[in-house]
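Assemble chain B with the ligands onto chain A, guided by the hints.
Next come the chains, spelled out residue by residue.
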Amino acid sequence: MKHLLPIFKREFAAYFATPLAYVFIVIFLFAMGAFTFYVGHFYDNGIADLSVFFAYHPWLYLFLVPAIAMRLWADERRTGTVELLLTLPIPLWATVVGKFLAAWAFTGIALALTFPIWVTVNILGSPDNGVILASYIGSFLVAGSYLAIGACISATTNNQVIAFVVSVIVCFLFTVSGTPIVLEVFRGWAPLPLTDAISSFSFVTHFNAITAGVLDLRDLVFFLSLMALFLAANVVVVDLKKSGG
Amino acid sequence: MIEIEGLTKRFGPVTAVAGLSLKVGKGEVLGFLGPNGAGKSTTMKMITGYLAADEGKVKVCGHDIETDTTAAQAAIGYLPEGAPAYGDMTARHFLGFIAEVRGFKGAGAKARIAAAVEKTELAPVLDQTIETLSKGFKRRVGLAQAILHDPPVLIMDEPTDGLDPNQKHSVRSLIRGMAPQKAIIVSTHLLEEVEAICTRAIIIDRGAIVADGTPAELLARSRYHNAVTLMLPKDDAEKAFGRLKALPGVSGVERVAGADGGVQLTVFPKSGALLIETVSGLATRENWKVKELYAEPGRLDEVFRAITTSDAARAKAARK
Ligand SMILES: Nc1ncnc2c1ncn2[C@@H]1O[C@H](COP(=O)(O)OP(=O)(O)O)[C@@H](O)[C@H]1O
Ligand SMILES: [Mg+2]
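Protein sequence lines, in the order shown, are assigned to chains A and B.
Numbering (the numbering used here) for the first sequence: 1 to 245.
Numbering (the numbering used here) for the second sequence: 1 to 320.
Okay, chain A solo, but in the shape it has when bound (with noise of 0.2 Å):
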């Protein structure tokens, strides 16, 4: 823990250092309203909720969190910063769980910053903030989802442009594969648990069970050990690095 902590301060400072974190949140917040209000017709539906809101977060994140996520180790690879990062005393693990983590908090403050829609729909109406809540916190744990397999396929490579192709095409596969159009052609022909299996690994099947207002355990558990495995994942990818070179 003494290690992990000032590995994030200095990570989450240094999105701060920059326009770009600025740039990138109202990127963020304006792709954010612009599918809302435009694409989901969001006043249209009458209804005071934020399902429509929070229905195009994994489309969205899957541009927007590679684009965080593609620097994470490509650019200090780049700069050669990453000399002096694995020659501290720090164990590697704290060093790619920092990074994960202040990018994490990055994408957090970006989602929290949608509030005033939040604020919008109780004006409106009395939605069940309840579900807004869960939903929320699914919605957070898909931006942490594809930022842990970001910053793993980040650490591949000293080029950005290849870790953020690379990363929105993995994430694709993991949000697709719970889309009707991808089961739809498994049916056909697959034996139902490995369509059930494919589903399973669909991070829009978990998301849409969290924003239909249950907060189950085993969606929580879906994304969390997802994240697990692609930083133990990123952690073996440095790792190996220091042998290849």
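It should be emphasised that the hints constitute simulated quantities derived from the structure, not laboratory data.
Where is the CB? At the ideal position from N, CA and C, for every residue including glycine.
Hints should not be assumed to be uniformly reliable.
Below, in silico cross-link-like pairs of lysine-lysine (BS3-like), each with a Cα-Cα straight-line distance of 25 Å or less [stated by the list, open to error]:
| id | chain 1 | residue 1 | chain 2 | residue 2 |
| --- | --- | --- | --- | --- |
| 1 | B | Lys-57 | A | Lys-241 |
| 2 | A | Lys-9 | B | Lys-105 |
| 3 | B | Lys-110 | A | Lys-9 |
| 4 | B | Lys-57 | A | Lys-242 |
| 5 | B | Lys-110 | A | Lys-2 |
| 6 | B | Lys-270 | B | Lys-245 |
| 7 | A | Lys-2 | B | Lys-105 |
| 8 | B | Lys-57 | B | Lys-26 |
| 9 | B | Lys-59 | A | Lys-242 |
| 10 | B | Lys-26 | A | Lys-242 |
| 11 | B | Lys-239 | B | Lys-289 |
Restraint ranges, calculated between C-beta atoms of paired labels, are given here [stated by the list, open to error]:
| id | chain 1 | residue 1 | chain 2 | residue 2 | range |
| --- | --- | --- | --- | --- | --- |
| 12 | A | Val-165 | B | Ser-173 | 46 to 54 Å |
| 13 | A | Ser-243 | B | Gln-128 | 31 to 39 Å |
| 14 | A | Val-165 | B | Arg-221 | 50 to 58 Å |
Structure of chain B with the ligands alone, referenced to chain A:
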């Protein structure tokens, strides 16, 4: 305090470090010499735990870098090649981060930072972001970071590369000042640096040690060692050339055109012969108009060239 045994690292077909072994103790400043691509940086990266060795062992203050990584790293101060640092941080924040990682808090951290800043003369730029600093200051931020925890072992990869003569001088004084309490490895391809700061020099070529000794011992390997060089006007030089060659103990004389029409003659001794007195005696007797006359301590660059290989030869050999 540093023990290296049989260290080997391959990058695909290239063997960057080939079975390197050495020990560095307290009070030693080891100059790591070698042409570009000799494997100096790769060796340092393995000592500090950034790269894993293919074969061999590294122990720092008794801690194995492979199995006891953080304990070994805690004992090391490392300045990587090019002094990488987080460009968007100010020097103050960066050193604060390093202090925190190294386990210093509050007043203790402040004192450590202040001491490192004073030694590296960083005070005027402390609140500037590192990316806006000149090369010299950036290098000094890297040095401050490396010495902040007063480590028993200091590893510096080309600490004076790209600095101006004043900056080089101050970095060298800093290293010399710290030397007695530490085991230090400094890599460089600047030969004068070895004479200026090192108690011992190792020349590596193609990843292996080809020479190991004090700077004086290395100089003694030079064919210029104990040679006598004198500067004469052109007409005197013509006469002197033959006379010098005929002196006992002389193995040969070389002639180089010097500045303002003079000629520089270098008289090489047969092994072990000391020529300075015979040569200066002859010059006085013959009334040559000698502008300069001195005994050569040896030329490090010549030793270096004689025992290391050229880039092209090395690249070819490495791929075999
Ligand atoms: N990451 C790497 N991948 C492949 N080859 C490398 C890598 N790092 C160094 N090398 C090669 O290893 C050799 C030694 O390099 P290096 O240790 O940087 O030499 P020096 O620091 O003495 O100039 C060179 O031939 C270099 O091209
Ligand atoms: Mg080098």
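Evaluated hints:
no., hint, result
1, B/Lys-57 to A/Lys-241, "19 Å, holds"
2, A/Lys-9 to B/Lys-105, "14 Å, holds"
3, B/Lys-110 to A/Lys-9, "18 Å, holds"
4, B/Lys-57 to A/Lys-242, "15 Å, holds"
5, B/Lys-110 to A/Lys-2, "18 Å, holds"
6, B/Lys-270 to B/Lys-245, "11 Å, holds"
7, A/Lys-2 to B/Lys-105, "11 Å, holds"
8, B/Lys-57 to B/Lys-26, "19 Å, holds"
9, B/Lys-59 to A/Lys-242, "18 Å, holds"
10, B/Lys-26 to A/Lys-242, "29 Å, violated"
11, B/Lys-239 to B/Lys-289, "12 Å, holds"
12, A/Val-165 to B/Ser-173: 46 to 54 Å, "50 Å, holds"
13, A/Ser-243 to B/Gln-128: 31 to 39 Å, "38 Å, holds"
14, A/Val-165 to B/Arg-221: 50 to 58 Å, "55 Å, holds"
The structure is inconsistent with hint 10 alone, although it conforms to all the rest.
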